[in-house]
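Respectively, the protein sequence lines represent chains A and B.
For the first sequence, the tail end lands on 243 under the numbering used here, and the numbers increase by one without skipping.
For the second sequence, the tail end lands on 1191 under the numbering used here, and the numbers increase by one without skipping.
Worth flagging that the hints you see were computed from the coordinates, not collected in a lab.
Fair warning: there could be bad hints in the mix.
[As the list claims (entries may be wrong)] Cross-link-like lysine to aspartate or glutamate pairs, in silico, EDC-like; alpha carbons within 16 Å at most: (1) Lys-1136(B) with Asp-184(A); (2) Lys-1023(B) with Asp-1081(B); (3) Lys-1121(B) with Glu-1182(B); (4) Lys-118(A) with Asp-1021(B); (5) Lys-1082(B) with Asp-1044(B); (6) Lys-106(A) with Asp-1130(B); (7) Lys-104(A) with Asp-1130(B); (8) Lys-118(A) with Asp-1066(B); (9) Lys-103(A) with Asp-1081(B); (10) Lys-118(A) with Asp-1044(B); (11) Lys-98(A) with Asp-1130(B); (12) Lys-125(A) with Glu-1038(B); (13) Lys-1136(B) with Glu-188(A); (14) Lys-1121(B) with Asp-53(A); (15) Lys-1104(B) with Glu-116(A); (16) Lys-1121(B) with Glu-101(A); (17) Lys-1026(B) with Glu-1070(B); (18) Lys-118(A) with Glu-1093(B); (19) Lys-1026(B) with Asp-1047(B); (20) Lys-194(A) with Asp-180(A); (21) Lys-1082(B) with Glu-1030(B); (22) Lys-113(A) with Glu-1182(B); (23) Lys-1178(B) with Asp-53(A); (24) Lys-1058(B) with Glu-1093(B); (25) Lys-103(A) with Asp-1130(B); (26) Lys-125(A) with Glu-1187(B); (27) Lys-1185(B) with Glu-101(A); (28) Lys-106(A) with Glu-1187(B); (29) Lys-104(A) with Glu-1187(B); (30) Lys-1185(B) with Asp-184(A); (31) Lys-1104(B) with Asp-53(A); (32) Lys-1147(B) with Asp-53(A); (33) Lys-1053(B) with Glu-1043(B).
Spelled out, the chains give:
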Amino acid sequence: MDYQVRISNFEGPFDLLFHLIEKSEMNIYDIPIAEITNQYLEYIYDIGNLDLDNASEFIVMAATLLEIKSKMLLPKDPSSKDEASSDLDDPRAELVQKLIEYKKYKDISMILKPMEEKRINVVYKNAEIIDDVKEDKLLLNITLEDIKEAFNEIAKRRAEEKSINEGLEQELMQEEFTVDDKIDDIREFVRCNKNTVFSELITGSKNKFEIIITFLAMLELIRLREITVYQNSIYGDIIINQC
Amino acid sequence: MDNDLQTYKQISMADDGKEFDIKKIKSIIEGLLFASGEPLSIEDISDILQIEKFEVKKILDEMIVDFDRELRGIQIICFNDKYQMGTRPEHIEYIRKLLNPQSKQSLSRAALETIAIIAYKQPVTRQSIDSIRGVKSDRVIRNLIEKRLVTDVGRLDAPGKPILLGTTEEFLKYFGLKDLSELPKVEDLEI
Chain A
1 MDYQVRISNF EGPFDLLFHL IEKSEMNIYD IPIAEITNQY LEYIYDIGNL DLDNASEFIV
61 MAATLLEIKS KMLLPKDPSS KDEASSDLDD PRAELVQKLI EYKKYKDISM ILKPMEEKRI
121 NVVYKNAEII DDVKEDKLLL NITLEDIKEA FNEIAKRRAE EKSINEGLEQ ELMQEEFTVD
181 DKIDDIREFV RCNKNTVFSE LITGSKNKFE IIITFLAMLE LIRLREITVY QNSIYGDIII
241 NQC
Chain B
1001 MDNDLQTYKQ ISMADDGKEF DIKKIKSIIE GLLFASGEPL SIEDISDILQ IEKFEVKKIL
1061 DEMIVDFDRE LRGIQIICFN DKYQMGTRPE HIEYIRKLLN PQSKQSLSRA ALETIAIIAY
1121 KQPVTRQSID SIRGVKSDRV IRNLIEKRLV TDVGRLDAPG KPILLGTTEE FLKYFGLKDL
1181 SELPKVEDLE I
């Protein structure tokens, strides 16, 4: 269905509705609601299969159209024979108002476009930063040799630093902890000490990471019902007991 | 009688002097605009030259016409009482050969619609914009804010205190408007 390709060209439900109105040359002030609802539904029939950001808005509009259509089918209230009030009661009125307002801004945007085009190719010069350049006394007696030497120093130092860092990296790798390891640690600790507190478990911890792993291990042991925990106060130390 | 002669001499000299002055002033302003690069306000120029602001504005507006009439490669643009030099859009191909300036992307349909709403209804909430367009405009609005064409100008005194949006100076410059009163009149549009 070629409708599939086209619906993504529409900015939203109003856009589509307007297209239908213009295409079928409908009078916007007296829209044949059944007709436009049918056409609209045909267009969005397959919308579920398209990856559209605005799909939900299209569907809401479909529901709105159906509601209006059903309202139009209801018999008119016999008590309101007044011409003026029957205008207000027109179920299409609100939609028409919205369509007209939408069209207004769509037209304005068409006027703005050439205005944008006229200015978009204008090039401006950025502000010049005019420094008062004073004679730089620092570089007066430096020779090329000096610069070469200085560079070599830096390069040498950099090479040294790099090898130190690499050594450090390896050390860190060996410190990795796992939750399983910590579970075993806590089990062992609790087996020896019957009860303990969390702060004791983390006294040897080298970093935040290790503390977190210890905490996770504790949670796992709680889940396995090997320990129970208790806190005396909010954010107080966690008392751990063997089950 | 002597007094009158004196006064007459003064006035006639002042007139000549003034004509010479205006050329010189225009020349100086041209230099200022060039050196600045960035937009200069009437106030800035008035301070530097020690000339009345209304005089400065008159001279600048004359200069804009001069530059157009003489087909100068530089145009002086005006927005929000600020003035700036820029190239002519018709020369962009040549300038590209020289500079390779980034091709600026023009605004999408959605962005143009959205900014039209903001321009005419400001200050306006995001929700009002959504309601008129019939779709959610979050992303478009964020894009316009990033481009500095739109900014928040306060909050509406209503539940949730939603942010109110309005256009910026940059918006005027972008669309070639001197100020908001130059926005195309809505009555001229036909449905």
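Inset, instruction - Hint by hint, work out which the structure violates, then give me just those numbers in ascending order. - result: Of the numbered hints, 1, 2, 4, 8, 9, 10, 13, 14, 20, 23, 24, 26, 30, 31, 32 do not hold.
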